[in-house]
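Student: Numbering (the working numbering), first residue to last: -19 to 275.
Each statement offered as a hint is correct.
Calculated cross-link-like contacts (lysine-lysine; reagent style DSS-like; alpha-carbon spacing at most 27 Å): (1) K81 x K148; (2) K139 x K(-18); (3) K224 x K255; (4) K168 x K148; (5) K272 x K224; (6) K255 x K272; (7) K191 x K74.
Okay, the calculated beta carbon distance ranges per label pair: (8) L126 x S(-5): 33 to 41 Å; (9) S246 x R270: 32 to 40 Å; (10) E134 x K161: 25 to 33 Å.
If you're looking for bench data, these hints aren't it; they were derived computationally from the structure.
Using N, Cα and C, we set each Cβ at its ideal position, and we do this for glycine too.
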Amino acid sequence: PKGKSDREVMRFCQSFMTELQRHIGQFVDVPAGDIGVGGREIGYLFGQYKRIRDSFDGGVLTGKGLSFGGSLTRNEATGYGLCYLTEEMLHCMKQESLQGKRVAISGSGNVAIFACQKAQELGAKVITMSDSNGCIYDPDGIELELVQQIKEVERGRIKEYIGRTSHKNAEYHEGSVWTLKCNAGNIKLDIALPCATQNEIDGESAEILLKNGVQVVAEGANMPSTPEAIDKFLNAGILFGPAKAANAGGVATSGLEMSQNSESLSWTFEEVDAKLKQIMINIFHNAYDRSKEYD
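Work the whole structure out from these sequences, hints included.
Tutor: The structure is reproduced here in structure tokens:
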């Protein structure tokens, strides 16, 4: 949707749903948002679905606005869930936590923003974020409110962070966050949370991350590490949370949204967040406990 007005995005969504509505339903297949498809687009899609079907089938799309059947915590769910699984993985396998850790995050969309928020709440220092043009490195810790203003309100580019923050040491660099070399040389970090797009960490990037001291990689995006990169992480013996587990919080909370739609209920933020956290802990232990059981 880069460079497109709200009206153009709306017309595209309506045209798309005119055909898609034949193939989906709350008891058939249920789409949710992803890259480029957030609350605005889901709203346009759902409005067209209601117009054509002439009924309120709340569970047909997830990630809806709160005024028409959406769930509290759904926007935050993938990023929060990523941090919940990472925290449990650290606690269980290294007897550590996110407290005091230096965290590199890629992306500046929904997943990245709420992963940054939750990581900061849990005591970590997030030092990078990015978009498709380049990345920012802020050794003093990312000023998340400014990133949200630029990306969610103004729909601008991440480079606008520089010069608009009181953090004088912040730098902007073209290219991938995973090959970043700042003015002081290679950045030192503890945890990498790729939250942008598929195949963003290749073998070369994995080597740079390992050289920079990374101890944990947990995937917030869908398949952000290539097979070559995964092999390097596993051979190095660091903690690796694959996307199928680590970013499951989003689709899990879509399931919770569908449950609320079916029951005509709206749970509190705290209720949904507590269910999400337990789901992520269970996912980690389903994998970890079986690995111990079967060696």
